[in-house]
Amino acid sequence: MPGDNASTDKPKDLKASVQRFASELANKVESFITDISELEVRTYTITEGQFAAVLDDPNKKNDKTLSGAGAQLRAYTRIAFDSDTIVCLPVNTSGQIDGAVWDMHQAAVTQALQNRATMLRTMGDAAASALDALKKS
Amino acid sequence: MPDKDLRQAVATFVEQLKGRVQPLIDDVTALEVSTYGVDAPQLENVAATEDVAALAQRQGYTRVTFQCDLSGCTQTGRTDDVDTLVRPMHSATVEQALAGREKLLTVGLGALESLGVNRPG
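Respectively, the protein sequence lines represent chains A and B. 14 is the number that the numbering used here gives to position 14 of the first sequence; each next residue is one higher, with no gaps. 7 is the number that the numbering used here gives to position 7 of the second sequence; each next residue is one higher, with no gaps.
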């Protein structure tokens, strides 16, 4: 009966899926703390008309930083896991800081901090759930 | 076996996380925030270096100390040395760092607990 096969295959499929997920998760989990130990936020401005040239270059898709004509780093923040923080702000020749850029940079840093905390919580939950599922499979 | 791999990976994860969280709840800990003013053309170089102080002028510095135990952390001291030019930005960053530290500590301890690890102390 086709139904019999289906009823015996499904648990096997589920077990295989759980084990595959566990294996993939294991790869992520091992390097996760290292990956989130230091947070860097860079805020750039890009000259109008240069967005595609700067952002769509396939050779630079995986670069950590932006480069190219028209791209300019405007603010930089580095945050260690213990939250020790370094902020670098460019000052112009008059000694002034661009307040609008700073506001956007600050919002990006806040978002990055929230994301890091959420990722840590999610990874902990996923690891706990996967261990539990493995015990039951 | 995937089972064994995940257990090993989680064990590594737990040890690394404990190693990161433990210093945050040691008896006396500190948070440091430094704000640097950089000539605009030099910002790329400064961001790329480990030793920012070697290339940039520090214009704001705050050190906050904490006394911590398992129930949480209490500020015990604070040192501020901030130029007027960067004061608003520096102050906002300090508040952000304090909030981020508290959040990460809470989440880190929660992650350890969800994996069956007693709170480090």
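The hints are simulated quantities; they were obtained by calculation from the structure and are not laboratory data. Where is the CB? At the ideal position from N, CA and C, for every residue including glycine. Treat the hints loosely; a few may be bogus.
Listed next, the stretches of chain A that the computed footprint assigns to chain B, with coverage defined by at least 3 CB atoms under 8 Å from CB atoms of chain B [said to hold, decoys possible]:
#, stretch
1, 17-29
2, 82-89
3, 123-134
Going down the list of hints, with the structure as the test:
1. 17-29: With 8 residues in contact (Cβ-Cβ under 8 Å with chain B), the coverage given for the stretch 17-29 of chain A holds.
2. 82-89: holds (count 8)
3. 123-134: holds (count 8)
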